[in-house]
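Asker: Given next are the chains, with one letter for each unit.
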Amino acid sequence: MSEIEEIVKELESKFGAEVKKQRDKRHWVKINRENLIDVCTWLKEKGFDHLSSVVGVDYPENFEVVYHLWSYSLKELISLKVPVPKDDPKIQSVTSIWGGANWHERETAEMFGITFEGHPDPRKLLLPDDFEGYPLRKDFKLKPTHWLGKEEEEEKDVQA
Amino acid sequence: MYKLEEIEDGGKVLLNIGPIHPSTHGVLRILVEIEGERVIKAIPIIGQLHRGFEKLCENRTYIQVTPLTDRLDYIASMGNNMAYVRAVEELLGVEIPERAEYIRVIMLELQRIASHLCSIGFYSNDVGMAFTLFMYTMRDREKILNLFEMVAGSRLTHNYIRIGGVREDLPKGFVKRAKEVMEYLKPKVEDYRAMCDESEVFRMRTEDVGVLKPEDAINLGATGPVLRGSGLKIDTRAQDPYTIYDQFDWKIVTGKNGDCYSRYSVWVGEIEQSIGIIEQALDNLPEGEVMAKVPKVIKPPEGEAYARIENPRGELAFHVISDGSPNPYRVKVRSPAFCNLSILPHLCRDVLVADVIAICGSLDPVFGEVDR
Amino acid sequence: MIDIKNIIINNYWVRGLIGAIFWVVFLGASLIILPWLERKVVARVQHRYGPNRVGPFGILQLVVDSIKLLTKEDIVPKYADKFVFNLAPIIAFMLALVVFVNIPLSPTLVVSNLNVGILYILAVSSLSAVIYLLTGWAPNNKFNLLGGMRAAAMMVAYEIPMALAVIGVIMMAGSVNLVDIVEAQSRIWFIIPQILGFLIFMVAAFAECGRLPFDLAEAESELVQGWTTEYSAMKFAMLLFAEYGHTILAAFLVTLLYLGGWHGPLLPGPIWVLLKTFLIIIFFMYMRGVLPRVRIDQFLNIGWKVLIPLALLNIFLTGIGVISI
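Chains as they are written, first to last, in the numbering used here: chain A, 361 to 520; chain B, -14 to 357; chain C, 23 to 347.
Since the hints were derived computationally from the structure, they do not count as laboratory data.
Idealized CB from N, CA, C, for every residue including glycine.
The reader is advised that the hints may include incorrect statements.
[Unchecked claim] Mimicking DSBU-like on lysine-lysine, the simulated pairs with C-alpha atoms at most 30 Å apart in a straight line are: (1) B:Lys281 - A:Lys501; (2) A:Lys380 - B:Lys278; (3) A:Lys446 - A:Lys503; (4) A:Lys406 - B:Lys281.
[Unchecked claim] What follows is a list of derived Cβ distance ranges for each label pair: (5) B:Leu141 - A:Arg497: 46 to 54 Å; (6) A:Arg497 - B:Asn269: 44 to 52 Å; (7) C:Leu91 - A:Arg497: 48 to 56 Å.
Whenever a hint applies, use it, and build me the whole structure from the sequences.
Answerer: Take a look at the structure:
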């Protein structure tokens, strides 16, 4: 049995995950959000050292955060799908495991309103600081809501 | 919010290398905390070019999204088309004809050469060579843009690679012209390498500046020339093969130290390798159709796909989720420039102000891609 | 009958007036021509044409640019130190002009043949370090400050190798008077025995003029415009004038100290001086298109750790040569 199939079998047995193999080199694994840190630490030891991206999705019944993990040694992709309930949008941050998750999680947090607990720097990344609302949720309609020019800007003494 | 005020202890000053600046590669704001000329912290602030690409995709059909992807990384736009189209083709399950695959590879490699020429030119500008190398690389890039105009009709955002193949066949005389351009470019690459290897001042400015160790590179999510500059032989074309790259004979180019000079030499080396691939592809171009049979209204079955390709800047990936309707449910772009730029605070500790610009240039950000 | 020639040579008021008018006209004319020439030379290095629309070969480009600079709005920042802000360009302009009093075009064509010739010139160039401090501090802008501080460090660091290199020339000529130095080169130009001093002087001249590869004060890709950031319109033009004045001065000094001044076959003396100066200026412009910029710490390393020991070595070798010959 090849290494990736062993890893997949252990994921199913140890962490109770549902695995779907889409094609060669693509596995989609659904886990619970309580097991997230354990699964990630275990997978990193097994050789999954590259976190490709962190994706947030807004399904009708819950949010979902997808972590795409690629292993440079095994050359396989495992995508972890973690459902997050809408009334409690919190999830653990994986920045302590992969440093590259920093900016991805900031972007997902500002676009969906999901809080990543333990993130070292939870500020807005792409949106302006006084933006209200979470753009990538399905109930956010794309229409002009806020004209910036209308309010008076106070004189600030700023030294260049 | 960042307040521009003096930080009280010991003469530290907050300098704003602002969004409009003669040197940053677009709208990037870097807040630099300096003490004299030494940098203590450098914080990039992005988001000035954010256009809401991912939200826009949800209101358009699959075919209407393809021209939008052109505008993401506008310097290497064939690559963006390719990644999106591969994700949708994986959902649909279509087989691409062989001639279309060859044409796609030729276009992608031409794009890689054009983009690296651009990066070399802009980088030499940052280091202080007053526009000289920039003018030479732009002159050579014009020849490649003329080739693109022959094929796709436009020089910058092409929308040529479509779902199922390419838009139309190569025009008459393209193969001959492309071979001439490749012959023209071969001695120029030697020129560029010599201009920087033999320039003492250039090496002083770029060697041992912004050294990135291999383990840090993998941990922080760097890909592309940034990762290969640190000595790792990792390339998505070899690791996760897409189209027909396994039929060509090419090498992965790496740098030695992980400093700015190594990243620069990776760009020059990759231009050479791309010239080789294009010549092999032009020689072996098969006959046939260029577009597979795809339905007029594309409604892929429910599912999701993650397609990764090797952009000139690194690993570009598209995650496309479909729910059976003509519009995609979610499109997510993993852009390489975004992930490479997040390394900037890590690299800019205890350097000088001039080095911040040099390091930012060697990470090669394009803001259409960083901000989307 | 008033002996006009006698008056001109001996009456220092008349001589000063004519000399002042001549040098102001000369520098004004070169300020119309030199930026155009620079843009053309740099453009040819970069495989393009340069200005070629306004007038034949783009000669009138500078006329148009001067009109533009004259008619721009003069902006003074709100929190700037107004007195110093307005004073700095005037001092820059003055220091650039005042030093040409002592530059000879032939043994008799000099406004004022000072006996401390080269010392006077070096002293006034050292004063020009003050300009950078003034323009760095006055506009109350961080980019100006960074540029000004860098430039002040630069000037101070490269005055010393320049002066030390000149000492070699003084030793060989036996006098500090510029006319005597050029007359001492009648047999052999000083560039040949003083080749090390010549190279040191050229590097120091690049640094003193603020030209690439040493244009840290005005590093366009890092600090927006460096030490001239907040200046606009005529004040900016005066600061630019001061930079070009330094370049012309450095070229004249190289010609007079190392390249034999007015010695040469066929043509009259002053023509040779102007021709050699012109060639050196073109060399300065050519370097601008070719070399990248040096970082401040590497630059100061070169100045203090490399050039000063080499200059001292030069003095030592010159001393041995002068004693033995």
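Asker: With the threshold set at 30 Å, check whether the alpha-carbon distance from A:Lys380 to B:Lys278 stays at or below it.
Answerer: Given that 30 Å is the threshold and the Cα spacing comes to 28 Å, the pair holds.
Asker: For the pair we were handed, B:Lys281 and A:Lys501, check the Cα-Cα distance against 30 Å.
Answerer: holds, 28 Å
Asker: Has the hinted range 44 to 52 Å been met by the Cβ atoms of A:Arg497 and B:Asn269?
Answerer: holds, 49 Å
Asker: Just to be careful, I want the Cα atoms of A:Lys406 and B:Lys281 compared with a cutoff of 30 Å; is the pair within it?
Answerer: violated, 44 Å
Asker: So the hint says 48 to 56 Å: do the beta-carbon atoms of C:Leu91 and A:Arg497 match that?
Answerer: holds, 54 Å
Asker: Are B:Leu141 and A:Arg497 spaced within 46 to 54 Å by their CB atoms?
Answerer: Given range 46 to 54 Å: violated, Cβ gap about 33 Å.
Asker: Does the alpha-carbon distance linking A:Lys446 and A:Lys503 stay inside the 30 Å limit?
Answerer: holds, 24 Å
Taken one by one, the earlier hints fail for this structure at numbers 4, 5, listed in ascending order.
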